[in-house]
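Using the sequences and the accompanying hints, generate a full structural model.
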Amino acid sequence: MLDRSRAPALGVDRPFRFPGIRKRRLANGLSIWTVSHGQVPVVTMVLLIRAGSSADPADRPGLASLTGDMLDEGSGDRTTLEMHEALARIGAQFDTEVGPDATFLTLTTLSRFRRDGMALLGDMVIRPRFDPADFERVRQLRMNRLRQLKDVPSAVADRAFTAALFGAHPYGHLAIGTTTALEAMSLDQVRAFHQTAFVPERAVLLVAGDLDHDAAERDAQDVFGPWTVPPGWQPLPEPVLGRPPDPRDRVLLVDRPGAAQSELRVGHSGAPRSTPDYHALLLANLVLGGQFVSRLNMNLRERRGFTYGARSFFEFRVGAGSFQMQASVQTDATAEAIREAIGEVERLCGDAPITPAELETARAALTRGYPRNFETADQIGRSMAQLALYDLPDDYFATFVPRVQALSLDDVQEAACRHLHPDRLVSLAVGDADRVASGLEALGRGPVVQLDPP
Amino acid sequence: MDIRCERRVLANGLTVLVHEDHACPIVAVNVWYHVGSKNERPGRTGLAHLFEHLMFEGSAHHDQGYFQPLQAAGAVLNGSTNADRTNYWEVVPTGALELALWLESDRMGFLLPALTREKFENQREVVLNERRQNYENRPYGRAAMAMLAALFPPDHPYHWLTIGAPDDLRAATLEEVHEFFATYYHPANASLAIAGAVDTAEAFALVERYFGDLRPGPAVAQPANELPTAGGPRRILLEDRVELPRIYLGWHSPAMFAPGDAELDLVADLLGSGKTSRLYRRLVYERRIATEVAAFQQSREIAGYFQIVATAAPGRTLDELEAAILEEVEALAAAGPTDGEMTRVLAQAEAQFVYRLQTVGGFGGKSDQLNAYNVFLGEPEYFTHDLARYLTATPASLASAAARYLRIPAPVAVSVVPQGQHALALSDSALVVVH
Numbered sequence: 001m002l003d004r005s006r007a008p009a010l011g012v013d014r015p016f017r018f019p020g021i022r023k024r025r026l027a028n029g030l031s032i033w034t035v036s037h038g039q040v041p042v043v044t045m046v047l048l049i050r051a052g053s054s055a056d057p058a059d060r061p062g063l064a065s066l067t068g069d070m071l072d073e074g075s076g077d078r079t080t081l082e083m084h085e086a087l088a089r090i091g092a093q094f095d096t097e098v099g100p101d102a103t104f105l106t107l108t109t110l111s112r113f114r115r116d117g118m119a120l121l122g123d124m125v126i127r128p129r130f131d132p133a134d135f136e137r138v139r140q141l142r143m144n145r146l147r148q149l150k151d152v153p154s155a156v157a158d159r160a161f162t163a164a165l166f167g168a169h170p171y172g173h174l175a176i177g178t179t180t181a182l183e184a185m186s187l188d189q190v191r192a193f194h195q196t197a198f199v200p201e202r203a204v205l206l207v208a209g210d211l212d213h214d215a216a217e218r219d220a221q222d223v224f225g226p227w228t229v230p231p232g233w234q235p236l237p238e239p240v241l242g243r244p245p246d247p248r249d250r251v252l253l254v255d256r257p258g259a260a261q262s263e264l265r266v267g268h269s270g271a272p273r274s275t276p277d278y279h280a281l282l283l284a285n286l287v288l289g290g291q292f293v294s295r296l297n298m299n300l301r302e303r304r305g306f307t308y309g310a311r312s313f314f315e316f317r318v319g320a321g322s323f324q325m326q327a328s329v330q331t332d333a334t335a336e337a338i339r340e341a342i343g344e345v346e347r348l349c350g351d352a353p354i355t356p357a358e359l360e361t362a363r364a365a366l367t368r369g370y371p372r373n374f375e376t377a378d379q380i381g382r383s384m385a386q387l388a389l390y391d392l393p394d395d396y397f398a399t400f401v402p403r404v405q406a407l408s409l410d411d412v413q414e415a416a417c418r419h420l421h422p423d424r425l426v427s428l429a430v431g432d433a434d435r436v437a438s439g440l441e442a443l444g445r446g447p448v449v450q451l452d453p454p
Numbered sequence: 001m002d003i004r005c006e007r008r009v010l011a012n013g014l015t016v017l018v019h020e021d022h023a024c025p026i027v028a029v030n031v032w033y034h035v036g037s038k039n040e041r042p043g044r045t046g047l048a049h050l051f052e053h054l055m056f057e058g059s060a061h062h063d064q065g066y067f068q069p070l071q072a073a074g075a076v077l078n079g080s081t082n083a084d085r086t087n088y089w090e091v092v093p094t095g096a097l098e099l100a101l102w103l104e105s106d107r108m109g110f111l112l113p114a115l116t117r118e119k120f121e122n123q124r125e126v127v128l129n130e131r132r133q134n135y136e137n138r139p140y141g142r143a144a145m146a147m148l149a150a151l152f153p154p155d156h157p158y159h160w161l162t163i164g165a166p167d168d169l170r171a172a173t174l175e176e177v178h179e180f181f182a183t184y185y186h187p188a189n190a191s192l193a194i195a196g197a198v199d200t201a202e203a204f205a206l207v208e209r210y211f212g213d214l215r216p217g218p219a220v221a222q223p224a225n226e227l228p229t230a231g232g233p234r235r236i237l238l239e240d241r242v243e244l245p246r247i248y249l250g251w252h253s254p255a256m257f258a259p260g261d262a263e264l265d266l267v268a269d270l271l272g273s274g275k276t277s278r279l280y281r282r283l284v285y286e287r288r289i290a291t292e293v294a295a296f297q298q299s300r301e302i303a304g305y306f307q308i309v310a311t312a313a314p315g316r317t318l319d320e321l322e323a324a325i326l327e328e329v330e331a332l333a334a335a336g337p338t339d340g341e342m343t344r345v346l347a348q349a350e351a352q353f354v355y356r357l358q359t360v361g362g363f364g365g366k367s368d369q370l371n372a373y374n375v376f377l378g379e380p381e382y383f384t385h386d387l388a389r390y391l392t393a394t395p396a397s398l399a400s401a402a403a404r405y406l407r408i409p410a411p412v413a414v415s416v417v418p419q420g421q422h423a424l425a426l427s428d429s430a431l432v433v434v435h
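Those sequence lines, one after another, are chains A and B.
Quick note on the numbering used here: the first sequence kicks off at 1 and runs consecutively.
Quick note on the numbering used here: the second sequence kicks off at 1 and runs consecutively.
Worth flagging that the hints you see were computed from the coordinates, not collected in a lab.
C-beta atoms are modelled at their ideal positions from N, C-alpha and C, and glycine is treated no differently.
Do not take every clue at face value.
Only part of the chain A face toward chain B is listed, based on derived beta-carbon distances under 7 Å [said to hold, decoys possible]:
id, residue
1, D151
2, P153
3, A259
4, Q261
5, S328
6, Q330
The following block contains the structure:
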């Protein structure tokens, strides 16, 4: 008879080895990394360019992103539609992501179309068409998108909170930029940004999936070999990415009359990706708000029912990062949810430090759960892009689990307290001001400063 | 791409599917219950989904949350409810397969002793907040409710959204939740798929151990499709906190896997997928009267609906958009796709199909797909046949599907406009208020 009252013991997991990365550098400076992986005939290519929204000139927020958006609008004498017909013929999934530190062009296709896919990627970055009519259309679509985002509470919160934490810092704006800046932007500025930033020395091509290393490298040489730096090229000015000063106001409110919920952000600026505390902070965050059973979610969702879910994260970047807690909560719980979120940080660094059981749950999530991050070509391509962007060592994936296993409770607790500062936390609510303002005042964290709606 | 599995049916009626894939040392466990919001009744909408939440809150032999032991074992897990089915899945490291099966079997067989009023009331609040976050506080969030309510009559099981109505959720009782479990949550109404780095014989032995003695339940009657007739107003106007007006056109269409379903999937791609699609090209790229367009064949178990959505560019009216959309639909129905379009749409269909086979678990991975084929068709290895539904389509079959289902005037047109700006809506639209 089966005894159901006892959980079965966990068995030993089968071992996992990250497939080896082969690296090569072309004469023009482009790095090429390949990984042969998987049984499904799929390949993912990521072209990483080390220039993102932090490279936007101070008076032109959105320039990097607009440039990224123009890359698939035709190349050479191929129009936008011809470019997209070619992508469709190989069943490609293609996206351009412009982050704070880099631009990523990611293309997934069936492995028999690898060469065609690479040629399309090459055309986009080497010979973008930058047609004036396309530019006007793309700019107009982005302005309409910005207009629509005014009504998306999470987008409003992200914009306001980014500005609050980082101010005039290169990280102080979202990649999409502002309407005012977009209106003033010209195609010449896009061309100039492309010429400066999109050069082989700033780029890494990552190819993962069902492939032969030699063949993939040969294709890359054929496609990207002719990519050269334009005459008279001046390097992109490097953004200054140190930690920004803390904002004066710590309780912020964006009015959304009649809103069904309040969208919350609570956090402060923080450490860069290069911090030696990186692994310890991953663990600490899993305890605090990084997974379902974390303190924050169990409190706000499972005990109080205020929200569909609450989470926290450290956003690590090349320069200063941030620590943030996020939730969308019912209006009448707005102030209490913020108080509880701040309370969780205070308790973690105060009278309720991380317990051994919490640490082991977090550790298992990172270590035993590690292999599932490398199932698809897309996952491997994007993971490699992180290595490339942050200059992480070749053995990073192989040493990740041992490094996490080596951390003690004290290591993690001390790292948490070094990087979490309850007194510095800035709180932002996007919600119905009439119903939430007095509660926010009563938090006792300073005056409530109402920001203009976007 | 043939995906093979071994299938067995336990004595209590539970169907078990095992597929080996040793590429990555993980195992996916995926359970489907053949119950969704179409099994609810008017006045108690949202119950199937609320119930899904309660399945994570503990069972007789593990009376605490399901996330703790699984996350502590390095697993990820989730669940979802739609109109036709509810699924639960874990992706676990190889050493935690038995743990996942112990938990899944405990909530299949022994949920109710642990289901307290306190848990029920807490999760009801969570679900009400899920509804606020994903529908009420989201631009255009109520359009889907208005569309379904107008497309399917009040007694049709697709009349309401799976999230349910707040009043219905508040009116639900713990006793009704118990009854729901007794009716739908038992082995004979479930399908269990295990995919990944397992040995098939070991997997079946574990399943027999944990699920073999669960009691069978009553046979489940699935609702039939009453021929949908448009009863109420066809042209509907909603006000919302939005900057740009948007139009939703809806047509009745074939059910999942029925003749015409795959063809309409491809018609949707031809019309609305990517920059080369006809609607994007015409409305966004050339005429610039819209900022975005999309088209979907939403096929469900007993009926489907085809939807086209477009957002107006500033200063443009929805009447203008509707006319342009219908012109493209008519052109496709009359002359079918070009050879170039046909090549592209089939290449995309094939590639999308292959991309989905890269993962063993989670939403849409191989284990989920095995269960989908098994529950809806009784053929878990349907993969190749499914792909063939698309690859055998011809320009003529696509034109004919478009002509048959979309050439009639759209039974429902929903306009969503900024507060007070009724003039931007399709002409002759009637204002409705959706909560």
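Now for the hints, and whether the structure bears them out:
1. D151: At 4 Å from the nearest chain B Cβ, A/D151 passes the 7 Å test, so the hint holds.
2. P153: holds (6 Å)
3. A259: holds (6 Å)
4. Q261: holds (5 Å)
5. S328: Interface hint status for A/S328: holds (5 Å vs cutoff 7 Å).
6. Q330: Since chain B brings a Cβ to about 6 Å from A/Q330, closer than 7 Å, the hint holds.
When the structure is compared with the earlier hints, no violation turns up for any of them.
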